[in-house]
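S.K.: What follows is the residue order along each chain.
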Amino acid sequence: MIPVAFGYHRPQSVKEAAEMLTELGDEAKILAGGHSLLPLMRLRFAAPAALVDIGDVSELRFVERDGGQVRVGALTRHRDLAEHQVIQASVPLLSATAAQVGDPQIRNRGTIGGSIAHADPAGEYGTVCLMLDAQIVTTRRRIPAAEFFLGRFTTPLDHDELVTELVFPFTPGEAVYIKFCHRLFDWALVGAAAQQTDRGWRVGLVNVSETPVRAVAVERALDEGTPYAEAARLASDGLHPTPSHRASAEYKLHLTRVLTRRVIGQAAGVPGG
Amino acid sequence: MKVTLTVNGTRHEGEAEPRDLLVHYLRGPLGLTGTHVGCDTSQCGACTVLLDGDAVKSCTMLAVQASGHEVLTVEGLGCGDDLDPVQQAFIAEHGLQCGYCTPGFVLAARHLLDRNPHPTEAEIRRGLEGNLCRCTGYVNIIRAVQAAASSGSTA
Amino acid sequence: MNRFGIGQAVTRVEDRRFVTGHGRYTDDITPSRCAYGFVVRSPVAHARITSVEVAGAAAAPGVLCVLTGEDVVKAGLRGFTASAMPEDLGAPPGHRTFRPVLAIGKVRFAGEGVAFVVADTPGHAADAADLVEIDYETLPAVVRPDEAAVARDSFVHEDCPGGNVAWGLMFGDAAAADAAFARAPHRVAVRLDNSRLSASPLEPRGCVGEYHAADGGYTLHTSTQNPHGVRQEVAGVLGVTETRLRVVGPDVGGGFGMKADAYPEDALVLWASRACGRPVKWIATRSESLLSDTGGRDQVVDGELAFDDEGKILAVRASAVHALGAYIAPAGLVPSVFSLRFIPGAYDVTAAHLLTRGVFTNTSPLGPYRGAGRPEATYLIERLLDEAALVLGLDRAEIRRRNLIPASALPYRTVTGYAYDSGEFGRVLDRCVTMADWDGFEARRLASEAAGRRRGRGIAFYIEQGGVFNDRMELRFDPGGTVTIVAGTFSHGQGHETTYAQMVSDWLGVPFTDIRFIQGDTDKVPFGRGTYAARSSMVGGSALRRAADAVIDRAAGMAAALMEVSPDDLEFAGGRFTVRGDEAAGIDLTEVARAFYYPMGITDKFGVGLEGSGTWSTERENFPNGCHICEVEVDTETGEVTIGRYTLVDDIGTVINPMIAEGQLHGGLAQGLAQALLEQQVYETGSGQLVTGSFGDYGVPRIGFMPARVESAFEPVPCLTNPLGVKGVGEGATIGAPPAVMSAVLDALRPLGVTHLDMPATPDRVWQAIQGAQR
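Chains as they are written, first to last, in this note's numbering: chain A, 1 to 273; chain B, 1 to 155; chain C, 1 to 775.
Worth flagging that the hints you see were computed from the coordinates, not collected in a lab.
Owing to the predicted nature of the structure, the values given are computational and were not obtained by experimental measurement.
Careful, some of the hints might be misleading.
What the hints assert, rightly or not - In silico DSSO-like pairs for lysine-lysine, Cα to Cα no more than 30 Å straight-line:
| no. | chain 1 | residue 1 | chain 2 | residue 2 |
| --- | --- | --- | --- | --- |
| 1 | B | K2 | A | K15 |
| 2 | B | K2 | A | K29 |
| 3 | C | K106 | C | K74 |
| 4 | A | K29 | A | K15 |
To be verified - Computed list of chain C residues with no C-beta within reach of chain A, every gap over 10 Å:
| no. | residue |
| --- | --- |
| 5 | A55 |
| 6 | A59 |
| 7 | A179 |
| 8 | S319 |
| 9 | F517 |
| 10 | A560 |
| 11 | V579 |
| 12 | Y597 |
| 13 | R620 |
| 14 | R702 |
| 15 | A708 |
| 16 | P763 |
C-beta atoms are modelled at their ideal positions from N, C-alpha and C, and glycine is treated no differently.
Sequences and hints are given; from them, build the entire structure.
M.R.: Put into structure tokens, the structure is as follows:
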């Protein structure tokens with residue numbers, strides 16, 4: 001379908017973009033890679049009065065190792081995150097996840113900033129951000145990941161606030177993301193990620209709740225030396241996944257536990273884990 | 001709004017509404033109907049073109065977004081007696097039936113081989129995940145990409 | 001040997017335009033001053049329309065006209081109706097429906113067209129559609145056929161005497177079947193659910209309609225499998241003679257049966273073109289397609305098998321409900337009929353009693369989708385045989401061997417009225433068993449188990465009917481001596497431009513690359529019936545054979561005259577007429593053809609022009625058949641099913657182009673595997689809303705889904721009912737795959753106590769089945 005008509009603006013800098021957003025008011029939306037927003041507009045589920053296309057804002061496309069941190073520009077594309085040597089070496093959980101977002105064409109266009117700001121419960125980056133204690137940097141403030149994902153498609157961002165970069169602590173090592181798809185969908189039915197870091201175990205879940213989930217109870221159990229299978233059983237505690245035609249809630253909870261056990265085993269290098 | 005696109009090596013200046021998708025702009029004002037629309041949720045890949053050398057879904061881009069960039073459509077890949085090895089391989093291996101998904105596949109395959117000239121079968125399957133076909137059952141599409149790879153094709 | 005002849009893997013001549021983006025599909029056709037139509041669709045599944053307000057839409061920018069059901073009534077347009085009803089087969093009369101091009105007074109499914117907005121751009125049409133105001137008084141909706149059949153408070157057609165039951169069909173003999181059951185030492189019973197599917201070809205539906213005020217005629221370009229059928233149906237709806245309507249099928253991006261008949265939109269664009277004075281184009285979005293395309297399958301069947309101690313079938317009984325949707329589609333009867341008639345399969349079944357009821361539901365209509373009832377039939381008999389084998393502890397290949405009709409028993413008349421002419425069913429099965437290494441399964445099962453997976457194997461044997469109705473083919477020479485095939489069938493991916501040319505190249509001995517091909521335009525092709533039901537190789541091929549014979553016959557007279565001999569002295573071979581016993585004296589067919597275009601002289605006696613036409617009819621059908629063997633691995637923790645290896649052996653009689661034929665197997669296989677594991681149209685109970693409304697939710701398979709190992713072979717047994725010896729290839733794999741896969745999945749899960757599973761065997765369902773068995 002043809003989207004509802006809108007005004008189009010193409011700033012060349014972050015400053016210009018922020019000014020445009022303030023001026024246009026809350027009927028304007030940011031267009032980054034477009035792979036979250038445009039599908040909604042094509043179905044007329046979204047009809048913003050104006051789009052601010054930040055595709056030319058090249059200052060937002062970068063990957064930098066900065067001491068004990070890795071800074072990722074908001075417009076960095078999924079494919080670049082998957083293949084960038086610095087990411088692979090310094091934040092391998094991010095590259096492992098980015099490599100499984102969508103399909104090749106989507107990875108060539110979609111951006112991490114756009115995905116994060118969209119806050120789809122089935123999106124993967126939110127979980128990675130929580131697991132790694134990332135910071136979301138905007139034109140106004142630095143928001144810890146734990147305070148960013150408020151609900152389904154809900155973040156604390158003001159309408160004229162732009163995500164400019166994400167900051168990840170340097171977290172090398174074996175990192176695994178298992179994305180269980182019924183068919184090679186864009187979205188995970190359930191996803192589980194794990195990494196044993198120098199700050200302790202990090203375990204996260206995708207698409208089991210309205211927001212990304214960091215499986216803190218599992219992490220604690222693992223850090224205390226609980227056997228993997230037992231620790232993994234804690235993964236589904238407190239979760240109330242939405243059933244769909246594809247998966248019952250009961251199954252999603254079960255799958256959560258199974259994938260958590262497997263991802264822990266793989267991250268720990270256990271054969272057949 | 002003004003749109004400036006280099007398509008298949010030729011620079012075009014035209015007008016588009018902001019809401020005109022790139023695929024519609026290519027098919028309509030530019031008359032390049034080889035790129036097809038097969039779905040409305042960015043799943044099927046029939047609209048795949050190369051934007052600055054990258055395979056992208058032209059249904060999930062605005063024409064105005066693409067302004068200032070280079071686009072390669074299937075029409076620019078090869079024609080007449082001068083077919084790209086991927087195109088030749090699709091013919092030789094019967095990698096198409098109704099032909100509707102074919103332009104998208106040919107460009108996605110071209111992009112895959114440009115970055116990975118000798119893909120394994122698993123890499124071919126991963127690389128073409130973004131394209132749907134309903135006629136062939138994919139078996140011959142895989143064979144076509146393997147044939148194009150082993151013919152030593154580079155564009 | 002003719003390297004372009006029958007049996008050769010000739011690469012397709014049509015491919016060049018497709019791989020270069022020069023195919024010409026319906027949306028590629030934009031006449032000058034073209035306007036664009038947008039169908040406003042009912043958001044509710046069942047309701048009375050209490051008010052329709054279009055003034056706001058009509059006044060919107062760029063809008064040329066807005067049409068509603070009220071306008072349909074004023075214009076006197078008729079409704080679309082079924083091409084065949086049970087009474088045409090001698091069954092008790094069914095309830096005939098007439099589907100209006102836009103809803104009148106009542107909507108019967110979510111997605112039914114209520115208004116048609118025409119504007120100068122697609123954007124303006126979509127914008128104006130948002131301004132159409134329609135009020136609905138909702139009524140209860142039923143979406144499942146088994147529920148609709150017994151519903152007491154919700155009737156899709158209030159005037160249907162059977163409630164929501166439109167018809168009942170019966171094949172067989174109740175007394176004989178009951179008697180066999182009564183004395184049978186064993187019986188098994190199953191209830192199977194065949195999910196509703198959406199054909200989902202990559203090209204959505206679409207059409208371009210033009211009214212020509214100058215002469216009162218119409219032209220319709222439409223994405224169809226059957227231009228002449230569309231012409232007949234739409235002319236009837238518009239109330240014009242077929243001579244006034246030209247229908248063109250351009251390149252069409254797949255159909256699978258869904259595009260074999262006309263739709264309301266075909267009439268809408270023509271009617272709207274007349275109303276607004278410009279050509280009108282309408283192209284479906286994928287969401288619209290999933291919502292409003294004719295669906296497939298959607299049947300629930302209870303079946304029973306009676307058998308003896310050797311596993312020999314004594315009788316089969318079945319009782320089914322088959323969803324029809326809100327209106328009976330033109331070919332809506334077809335799946336119901338086939339779903340019963342092929343239950344006996346290729347087995348020696350001497351007693352059967354088979355019933356089905358066609359039931360209205362508040363969903364878009366249903367009709368043929370690749371297999372059209374044969375998958376339902378095959379799934380039933382194959383599952384029943386598996387259950388019987390279990391009872392007796394028999395190998396599942398062996399129980400089939402014991403029941404397959406032996407070659408010596410052919411021709412064989414089934415209890416459902418088919419006459420199988422040819423087949424070596426046992427040989428086909430045995431070859432598949434060998435190719436699949438059926439006997440080596442146990443070692444692979446243990447290996448899978450060691451890797452933490454359950455392995456299962458399944459086997460299915462199918463037989464089906466290739467070809468329905470008659471058709472007409474022509475061969476026309478031009479003054480230069482080259483020939484054009486004018487086809488009544490309609491290729492939309494099947495490669496006819498190549499395969500028919502292979503035939504003509506063999507029969508007429510003319511150069512393959514000189515042969516031209518025309519199809520799909522009712523102005524250029526006097527008559528045809530299109531392509532569906534795996535009909536073209538037999539009906540089209542045989543009609544083409546007759547056309548070739550007519551040409552040769554006619555040309556022989558001219559050749560004899562040119563050579564001054566008697567026609568009886570001539571032989572024709574390799575494109576050349578030669579005098580018997582004197583090969584040096586001869587004349588090429590192309591030269592003879594040119595003689596038919598001399599401006600004077602010999603044409604006086606023979607007439608100007610060399611051409612021939614032929615028809616063929618399916619009174620004596622052909623029966624493709626084959627065996628599928630599937631091995632799956634199940635991850636019992638996640639319920640995920642992976643297909644390890646897949647083997648198919650098919651008897652399609654003479655193979656015209658083995659590469660194209662194999663392609664049909666692959667494509668059909670993908671759809672059959674997807675039916676078993678991925679695809680299902682889901683409607684919300686109560687509201688009747690379509691849940692699986694996009695490709696994100698409706699699971700058409702991606703490239704990673706196809707198994708790594710697919711091995712296929714042809715085991716040709718020439719068909720005796722047509723001169724080519726062909727049997728249709730288009731649908732067999734879709735028919736054989738679902739039962740083979742489900743058989744394998746159950747084989748893997750039976751040790752865990754699972755005794756039943758319905759399609760699609762999604763991970764959740766598999767896991768639930770395991771949990772249920774363990775409790």
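S.K.: Work down the list of hints and note, for each, if the structure agrees.
M.R.: Hints versus structure:
Taking the CA atoms of B/K2 and A/K15, the gap is about 24 Å. The hint holds against a cut of 30 Å. Note on B/K2 and A/K29: the hinted pairing holds, with a Cα-Cα distance of about 21 Å set against a maximum of 30 Å. Between C/K106 and C/K74 the CA atoms are separated by roughly 17 Å; this keeps the pair inside 30 Å, and the hint holds. With a C-alpha separation of about 16 Å, the suggested pair A/K29 and A/K15 falls inside the 30 Å cut-off, and the hint holds.
Even its closest Cβ contact with chain A, about 21 Å, leaves C/A55 beyond 10 Å, as expected for a residue assigned away from the interface. No beta-carbon of chain A comes within 10 Å of the beta-carbon of C/A59; the shortest separation is about 17 Å. Once the 10 Å rule is applied to beta carbons, C/A179 is consistent with being away from chain A; the minimum gap is 44 Å. Distance to chain A confirms C/S319 as a non-interface residue, since its nearest Cβ pair spans about 28 Å, more than 10 Å.
Non-interface call for C/F517 relative to chain A: holds, since the shortest CB-CB distance, roughly 35 Å, exceeds 10 Å. Even its closest Cβ contact with chain A, about 64 Å, leaves C/A560 beyond 10 Å, as expected for a residue assigned away from the interface. Taking the minimum C-beta to C-beta distance to chain A, about 65 Å, the non-interface status of C/V579 holds against the 10 Å cut. The claim that C/Y597 lies off the interface holds: its Cβ sits roughly 52 Å from the closest Cβ of chain A, which is beyond the 10 Å cut-off.
No Cβ of chain A comes within 10 Å of the Cβ of C/R620; the nearest lies about 42 Å off, and the non-interface call holds. A cut-off of 10 Å between C-beta atoms contradicts the statement that C/R702 is not in contact with chain A; the least separation is 4 Å. For C/A708, the non-interface assignment is confirmed: its Cβ lies about 15 Å from the closest Cβ of chain A, beyond the 10 Å cut-off. Not every CB of chain A is more than 10 Å from the CB of C/P763 (nearest about 6 Å), against its label as outside the interface.
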